[in-house]
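Number of protein chains: 4
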Amino acid sequence: MSSQFGTLFRVATFGESHGSDVGVVVDGCPPGLPLDPVTIQAQLDRRRPGQSALTTARDEADRVVIRSGVESGVTLGTPLALTVANQDARPADYAEMHGIPRPSHADYTYRAKYGVAARSGGGRASARETIGRVAAGAVAEILLRERYGVEIVAWVDSVGPESIAEDEIDAVTISRADVDAHPVRCPVASAQPRFVRAIEAARDDDDSTGGTVRCVCRGLPAGWGEPVFDKAEALLAHAMLSIPATKGFEIGSGFAGTSLRGSEHNDAFVPKADGLGTATNHSGGVQGGITNGEPILFRVAFKPPATIGKAQTTADYEGNEVELAAKGRHDPCVVPRAVPIVEGMAALVLADLALRHEALRDGRP
Amino acid sequence: MSSQFGTLFRVATFGESHGSDVGVVVDGCPPGLPLDPVTIQAQLDRRRPGQSALTTARDEADRVVIRSGVESGVTLGTPLALTVANQDARPADYAEMHGIPRPSHADYTYRAKYGVAARSGGGRASARETIGRVAAGAVAEILLRERYGVEIVAWVDSVGPESIAEDEIDAVTISRADVDAHPVRCPVASAQPRFVRAIEAARDDDDSTGGTVRCVCRGLPAGWGEPVFDKAEALLAHAMLSIPATKGFEIGSGFAGTSLRGSEHNDAFVPKADGLGTATNHSGGVQGGITNGEPILFRVAFKPPATIGKAQTTADYEGNEVELAAKGRHDPCVVPRAVPIVEGMAALVLADLALRHEALRDGRP
Amino acid sequence: MSSQFGTLFRVATFGESHGSDVGVVVDGCPPGLPLDPVTIQAQLDRRRPGQSALTTARDEADRVVIRSGVESGVTLGTPLALTVANQDARPADYAEMHGIPRPSHADYTYRAKYGVAARSGGGRASARETIGRVAAGAVAEILLRERYGVEIVAWVDSVGPESIAEDEIDAVTISRADVDAHPVRCPVASAQPRFVRAIEAARDDDDSTGGTVRCVCRGLPAGWGEPVFDKAEALLAHAMLSIPATKGFEIGSGFAGTSLRGSEHNDAFVPKADGLGTATNHSGGVQGGITNGEPILFRVAFKPPATIGKAQTTADYEGNEVELAAKGRHDPCVVPRAVPIVEGMAALVLADLALRHEALRDGRP
Amino acid sequence: MSSQFGTLFRVATFGESHGSDVGVVVDGCPPGLPLDPVTIQAQLDRRRPGQSALTTARDEADRVVIRSGVESGVTLGTPLALTVANQDARPADYAEMHGIPRPSHADYTYRAKYGVAARSGGGRASARETIGRVAAGAVAEILLRERYGVEIVAWVDSVGPESIAEDEIDAVTISRADVDAHPVRCPVASAQPRFVRAIEAARDDDDSTGGTVRCVCRGLPAGWGEPVFDKAEALLAHAMLSIPATKGFEIGSGFAGTSLRGSEHNDAFVPKADGLGTATNHSGGVQGGITNGEPILFRVAFKPPATIGKAQTTADYEGNEVELAAKGRHDPCVVPRAVPIVEGMAALVLADLALRHEALRDGRP
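Protein chains in written order, with numbering that gives the first Met the number 0: chain L, 0 to 364; chain B, 0 to 364; chain H, 0 to 364; chain X, 0 to 364.
Just chain L, same shape as in the assembly:
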């Protein structure tokens, strides 16, 4: 049961990178939601390779097909099956690498786990696995927006050593249009050339670079999240660290907040339009695992992609020293394309928590 996520709004993804299709089944989506394939396609387009000069040259249209769960543009309350065909698979690019586990890739660990040689192109460890997440996340977003008015926006926060300060973004107003105005997906104009240069420099060196994505979830009511193991922040951390290439997660004040005093860090309550709010938001929108009505704000760390053209000295499965230089198409930096994946996983977590919260209310107003 390796490919399922969620308790009530539950997704099951499938598909190898070089097989016929990738996709997802979304179970638990409520009936009566307007579902236009265009909404799903829009997020897939933001994730797909080949969308700008900054990303991999693998060209996939990534057209979504809805095979069940929708009639006359409305969800039926039954499982949605969404598939995307693989078109531009080139297994030959990977032929050379058989017998050599790529450093910091999953070839070695998959072989240890499954006892079968890793498939060309990465199998389930490929970034194409995230297509199902993005498609399902787009469905979850419809639920969140239509029923609760929740919005989710992510952006690139740093590329390699280049970053922006938190106060350069207004998390209350930033939109996806702002983010998409530049292919690097950071809306801070002064950062865009720095981020581009960092990506291009890595690419020109046949190398890669890491980065961070930041995300805001706005319009949440107070009360979502489960108090012990399934705290909102715990499920978000789970979701984000399940995205390939992630190495860290922080919410609200995060690691930097550990050096503050409690008197500086505590978010004092103040009256707001619809009840209490907080004067500051070091908590990042959650208290004790439950949303407090302030925006959820979190950051995700992405390592530099493991697949690089630059030659690396490593060992083959027999332990012989070998030199390896990847030929496959790959991204020098994943963060611009990771933006919709982060948004999608956040939507899956919040949709699930919304339904779990409804269950608990059981008939109360």
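Be a bit skeptical, because a hint or two may be false.
Intra- or inter-copy, both count: the list cannot distinguish identical chains.
Unchecked claim - 30 Å max Cα-Cα, derived DSSO-like pairs, lysine-lysine:
1) LYS309 with LYS271
2) LYS309 with LYS326
3) LYS271 with LYS326
What the hints contain is simulated information worked out from the structure, not anything from laboratory work.
Starting from the known structure of chain L, arrange chains B, H and X on it as the hints suggest.
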């Protein structure tokens, strides 16, 4: 279903801070394991309040009672019920705070979620909830040690602005005895006085301070972890962010690794005694969500405790500005006591992944 | 994860027959429900041994202790831990049987599964395991009654070859008081002496006899139940066949209905006070797995208890022929005591479906 | 989460009767199994409509497409996505019935649950939903056969009032070839004409008839099954009652066994080739929820199909009396086609229990 964790090695915790008991039911523990209550008690003693001048003065013996699942010192394969009585509850200390949600505490969000006023002393949001986790984690550690030779050791990595460098600890050899040699639970001698001063300074100001805990899991085979949503690092992130007061998680190179190039970050394979290992460990022991046989290394951020004696300006539920100063007993810094909690949650994750891995092998050698 | 049941209203039972306690943790119970221990105790008293001359002589007060989840008589929305101490354990009664697996008991299969010798008195296979179910079921009933007006009543339908006809009971009006008016727990006066004689005849022969329990769940709204795998009838069947000693389940027309024509079996719709109802109820209150507002009616088969005083020829673990006659205290017929267990398990199923249905409605009226 | 089944060998089905596809994702299937599409197709062919004069005239080739999880004819350990296109959908046949809930069909309850009008042709309540079950069950059977030597065979046991005696079938030797030798899928020659006449008589009356299916699972080791809630018989009951049109389940002696004495019913142990076996098998292969190595034998009751051509008096949604006669294509009796569905669901249960048992063994021989 707010208080359950794990797929096959599954725990269900219960108990309010000021009720009669806290505890846990551990379901899925294999039969035939030697289980001495002393092993569980040892970890509870490292977690309990009042163990040193650096922690809260609330005094609880926290004696564990095993109510089922063990006969003649051996596990039966049936559920273990472990309970700890609450003894030193003083609800009166909290009387003053009724009607005022404590800043950055869960009073407000629990009320929003459950529609009932938060109980004195924090209910499930209290740190006493973690007793069940530590007790269950100690059981999981027995499984990991006896069947697989896995060891888990955590230590304090920073207190407030004071920290140690990663290379000051040898993660291959550090032991719990090293960690416990000083009450601040950091084995680096030069850091101990700095960490103590940071805690005492906060306490003397009726304030609190944050910190980080680092953890190593050693002796793991390659192959544990599920490849998509239940990656080892994703479950660890889930587990850690479910601990009260945590704000961040990073594994291996973490956030700092995002500024490296792929060529610097990749862990080249090298021959080792029992197969391939890696020359470096930026990955932190996992690739594609699956253990590679190198040590798992991660870090957890703890915010400064929200409960402070220092007066804070905030609002009551009606929105009136009020001044609040806590009287309850509380820790100025939680990280020394968080060490066994981090170890326990790591053990729960790894025991579950071990059993899930065995299932997949189904009869293969 | 052998001892957990339910998706949202989830229970985890624990406890061996001859250990210190048996009990249950109920997770997912909504907040704000009035919970009086007397309500739970009442169902436990109907289940406990020694309540009449027709049942085992093992005498257990079975007093429930609520260790968490309730404050001032109201549920907090947090897990309820309910325990019952074992008092009258007499392991010596079972000493003789070591080395011999009792026929049609779980000694042999537990040894095959767990690789450890079965504990005296049956461990988890003992009927005492059902205490946690009954206690949790009583909590579920409070939810069902308070929030939805649902009532559950079960009764003894047959003992050995003696039975009543379905039309001798009015399932719309039968109450627990009616059922409890006679210790055999069948409200049909003409059947009571026949059922008593069947039980006494078995007991007098140091033998045992089987029987069936029938159950009605009334006041259900239309719409509970999940349409594919978690149909209401499927979860009820799961629940009932998980009760020790059960061998069959049927709902509505059951096995007898298979010999009808569709035109006889179909339940025609007719107008009723609050919408549509059906003229007949061969369906037993469900259509396509979902409640239709008519009473749910089902029947459960209980085999004759395996533990009998009468000598039986069987084999020991080495395959040697041996003669075995049980000395432990045991029931000649379990169905009178099974009545509250059937009710409890039905309540667990329906409470879970209620919460799952609420989740799906997500904000709709 | 209405369409998922299993803990470790977990399936998620999808697809409406009159949409583009039906199918299933199988998660948790171990790697390295030989998977030939022909094996899956064979079971689908036994389920498909139009295979004989005794079944519905709807003609569907039901060709399975494997979209993921297999490479070079071997499972990868990753999710298998299996789809079947709907070809012969004729929604017009159902147009007349809009506004009238069909008696004993799920139209009314789906509307109550989902708040949307039931789709033409039954949506998820259609028998086409079972295609995913049969396809996934065929995969589970490969695991069971290849790794454990388990065989599953089901057959028609009764049609309407016509039945065979249990001892007319040798459950140890019966094969699928025996069963398929006659389209009514009962291998007892003397029963075949009686069963055919019962079906034809119902069909000729524009009516329908019920029946029962019996199933044997052979070659099981002792030790599969979980001892409390997930007993083997409980999961089988769950699985069988989740099949459309089922009303009952019994294992071993079932309902008839309730009238036996314990001394008659108990299965005495006797030495067998590979350890202990039992002289009789009233238990139906399980003790305390765990397999004992004897064949599992169970029976499932199927009601007469609700959809009949014969006119029925019923009410529309407004409560007006109406006369209804179905025009869609439908089976007069489902049991011959139900045989592979019963086998498939049994396989899903046993494959899941096999993996859960492996998990518990964790490293022990």
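Hint check:
Taking the closest pair of Cα atoms, LYS309 and LYS271 come within 30 Å of each other only across two copies (25 Å); inside a single copy the shortest separation is 55 Å, beyond that limit. In this assembly of identical chains, LYS309 and LYS326 lie within 30 Å of each other by CA distance solely inside one copy; the values are 10 Å within and 61 Å between copies. Taking the shortest Cα distances, LYS271 and LYS326 sit within 30 Å of each other only across copies (28 Å), while inside one copy they are farther apart (56 Å).
Comparing the model with each earlier hint shows no violations; every hint is respected.
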